[in-house]
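Engineer: Each chain, letter by letter, is given below.
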Amino acid sequence: MLDGILLGLSTALQWQNLLYVIAGCFVGTFIGMLPGLGPITAIALMIPITYSIDPSSGMILMAGVYYGAIFGGSTSSILINAPGVAGTVASSFDGYPLAKQGMAGKALAIAAWASFTGGTIGALLLMLAAPTLAKVSLSFQSADYVALMCLGLTAIAAFSNKGTFLKAMMMTVFGLTLSTVGIDPSSGTERFTFGNTDLLDGISFLLIAMSTFALAEALSNVLKPEVKQSAGEQPMQIGSIRLSKAEVKEISPTIGRSSLLGFIIGVLPGAGATIASFMAYAAERNLAPKALQEKFGKGSLRGLAAPESANNAACTGSFVPLLTLGIPGSGTTAIMLGALIAYGIQPGPMLMQDNPDVFWAVIISMYLGNIVLLILNLPLIPYLARVLIMPKAILTMMILFFSLIGVYLVSFNTFDLFMMIGFALVALVLRLLAFPMAPLLLGFILGDMIESNFRRAMMTSDGSLSIFWDKPLTLGIMLLAIVVLAMPLLSFLRLRKAAI
Amino acid sequence: MLNRDTLGALIFLAFFTAYAVFAWQIPLLPFEEMDAVNSASIPKVYAVLGLMFSLLALLAQAIKRQHSSGDGWPQINRKSIGQTAVLLLLMWVYTALLEPIGFLLATSVFLSAGFFIMGERRWRVLLLASVPVAVVFWLIVTKLLGIYLVPGELWS
Numbered sequence: 001m002l003d004g005i006l007l008g009l010s011t012a013l014q015w016q017n018l019l020y021v022i023a024g025c026f027v028g029t030f031i032g033m034l035p036g037l038g039p040i041t042a043i044a045l046m047i048p049i050t051y052s053i054d055p056s057s058g059m060i061l062m063a064g065v066y067y068g069a070i071f072g073g074s075t076s077s078i079l080i081n082a083p084g085v086a087g088t089v090a091s092s093f094d095g096y097p098l099a100k101q102g103m104a105g106k107a108l109a110i111a112a113w114a115s116f117t118g119g120t121i122g123a124l125l126l127m128l129a130a131p132t133l134a135k136v137s138l139s140f141q142s143a144d145y146v147a148l149m150c151l152g153l154t155a156i157a158a159f160s161n162k163g164t165f166l167k168a169m170m171m172t173v174f175g176l177t178l179s180t181v182g183i184d185p186s187s188g189t190e191r192f193t194f195g196n197t198d199l200l201d202g203i204s205f206l207l208i209a210m211s212t213f214a215l216a217e218a219l220s221n222v223l224k225p226e227v228k229q230s231a232g233e234q235p236m237q238i239g240s241i242r243l244s245k246a247e248v249k250e251i252s253p254t255i256g257r258s259s260l261l262g263f264i265i266g267v268l269p270g271a272g273a274t275i276a277s278f279m280a281y282a283a284e285r286n287l288a289p290k291a292l293q294e295k296f297g298k299g300s301l302r303g304l305a306a307p308e309s310a311n312n313a314a315c316t317g318s319f320v321p322l323l324t325l326g327i328p329g330s331g332t333t334a335i336m337l338g339a340l341i342a343y344g345i346q347p348g349p350m351l352m353q354d355n356p357d358v359f360w361a362v363i364i365s366m367y368l369g370n371i372v373l374l375i376l377n378l379p380l381i382p383y384l385a386r387v388l389i390m391p392k393a394i395l396t397m398m399i400l401f402f403s404l405i406g407v408y409l410v411s412f413n414t415f416d417l418f419m420m421i422g423f424a425l426v427a428l429v430l431r432l433l434a435f436p437m438a439p440l441l442l443g444f445i446l447g448d449m450i451e452s453n454f455r456r457a458m459m460t461s462d463g464s465l466s467i468f469w470d471k472p473l474t475l476g477i478m479l480l481a482i483v484v485l486a487m488p489l490l491s492f493l494r495l496r497k498a499a500i
Numbered sequence: 501m502l503n504r505d506t507l508g509a510l511i512f513l514a515f516f517t518a519y520a521v522f523a524w525q526i527p528l529l530p531f532e533e534m535d536a537v538n539s540a541s542i543p544k545v546y547a548v549l550g551l552m553f554s555l556l557a558l559l560a561q562a563i564k565r566q567h568s569s570g571d572g573w574p575q576i577n578r579k580s581i582g583q584t585a586v587l588l589l590l591m592w593v594y595t596a597l598l599e600p601i602g603f604l605l606a607t608s609v610f611l612s613a614g615f616f617i618m619g620e621r622r623w624r625v626l627l628l629a630s631v632p633v634a635v636v637f638w639l640i641v642t643k644l645l646g647i648y649l650v651p652g653e654l655w656s
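Sequences listed follow chains A and B, in order.
The numbering of the first sequence is our numbering, which starts it at 1 and goes up by one.
The numbering of the second sequence is our numbering, which starts it at 501 and goes up by one.
Some clues are possibly wrong.
To list a few chain A residues with every Cβ distance to chain B over 10 Å, as calculated [to be verified]:
#1 I241
#2 L380
#3 A393
#4 L490
The calculated lysine to aspartate or glutamate pairs, modelled on DMTMM-like cross-linking and capped at a C-alpha distance of 20 Å, are [as the list claims (entries may be wrong)]:
#5 A:K224 - B:E620
#6 B:K544 - A:D448
#7 A:K290 - A:D357
Simulated from the structure, these hints should not be mistaken for laboratory data.
Every residue gets a Cβ at the ideal spot worked out from N, C-alpha and C, and that includes glycine.
Given these sequences and hints, build the entire structure.
Structural biologist: Laid out in structure tokens, this is it:
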């Protein structure tokens, strides 16, 4: 492992990679601050740029953007009570009241320190967990992968917002169906191309990511402006970013506990930063003494530190299944998986052996990203926060422009842009109907992998489906997927029964 | 009136029905016909799953309706709908004109028209926030990154 860490360090500390992680953190913070835009959009916008650089640098840039976007989301949660991403909603519960009390700088400092510590603990745990799990997963066979992917797809739906399970499942299947467009790689048969040669290669994942996230989010903000504060209004004064010894002492145990909790939740497929932050917030409120419990929601330092450390640790944790099994547990890691596949790199147990530079550089760059956020972004927050007063017209048009031209610069095919506009319209309508977008992306990206692994499994079993229950490991994962799938249904039926 | 969830389920039911029809029409190559899993197998599974979930969603709505009136629609004003529709149209026009008139002109027009649609009326802002962006981006892409961008089929 030490060799790996040294390899990761030597890759991540190359001057151009350091520049990428710094640039990634800044761009991510900038985009993450914009209400309605999250890390998926930020990473999607970066993908066309990363195609022109080597995979390690590309992943380092994207890891920086990811962390930056989470930090940016916290900033807008604290300053204007407008979380840029769902994972930072819990941060606004106490962050915004603190800012209103004239302690915006302090709140941002707590957010940065908690994120840094959460990310650091997460990165350390990732260093320990990923190689071990990668070794274990070397024994996985195609059927196990199919089972794991089914578990990932059902879990992301099960952990979606209350009451949206069936919607999430429909979106997952929608994503899976889109992945079947084009020439079937196994037989060469054309599927769903309708005679259009532009569809022979299938639909690019970049197109789907850009249209369903970047374009649809920008248009959704025009259609349904949720945040009152935008052009012309000044965000509040930042104030001092110093923390007293007593304050550090108060939040330290909270940060430790929440980081650990966040990492564990992050590793679970489908759970991610949002659930981690809410669970950490709830846990800290329950653990706090009675007098401090009442401060929660009114500007509690613990109430801010808990979700901030948990969401960053969860972000790091979500890389464990991606790097070791090649299975993304969230929309953000799904988009990173798509980028890796586009580079010709298959994440999974072999990644550590075949591309150790990428594997370790990603892990080390996460840590570097946290340092950059703390040393550079925090002091620059008063300046970065000016993005919040940028006119909406300019922001919207820039996102539309960069999304369209980003896809064009990769494919040089205007058909892709027409298709992108069509998908953006579909995504916009689905957003209005309250359908979650992440399951679509996850389904689309996992679609090809599920099909190829399923075929391989069936070939090895001579066409017998029993391969999915013959081995205890496969059976166990399959049963878990079925339980996850049945859980929301059972709770719905229980609620109906109670209502009657 | 249909609520959001019912409409969503109906849209997906229609989509998955159409998908199923096409999935069952995927032409198989001669050597595939005897295979346990062929090019059409997985699409058929997805079609069945999609139909199952959309029908379940409709059923859940039917059960819910017996007890509540369902959720409402988000409040959207006509101006926002108009702006969004025109922006979508503008993106379509930009895509159509990108290669015929070239990146620089198409992008400058796209951005300034977009700012105008979004409510910006100061002509200086319209020009200064569009033309320089197009030129700087063009310089970065073509001169710095060495990527070829069409100058415009109409002029070349």
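Engineer: Give a verdict on every hint.
Structural biologist: Hints, verified against the model:
1. In this structure I241 of chain A is separated from chain B by more than 10 Å, as the shortest Cβ-Cβ distance comes to about 32 Å.
2. The non-interface label for L380 of chain A is consistent with chain B: the shortest C-beta to C-beta separation is roughly 23 Å, beyond 10 Å.
3. With a cut of 10 Å on Cβ distances, A393 of chain A falls inside the contact zone with chain B, its closest approach being about 3 Å.
4. At the 10 Å boundary, the C-beta of L490 of chain A stays outside the reach of chain B, the nearest C-beta of that chain being 13 Å off.
5. For the given pair, K224 of chain A sits about 19 Å from E620 of chain B by alpha-carbon distance, which is consistent with the 20 Å threshold.
6. Of the supplied pair hints, the one linking K544 of chain B and D448 of chain A holds, its CA atoms being roughly 15 Å apart against a limit of 20 Å.
7. Between K290 of chain A and D357 of chain A the CA atoms are separated by roughly 50 Å; this puts the pair beyond 20 Å, and the hint is violated.
Going through the hint list in order, the structure does not satisfy hints 3, 7.
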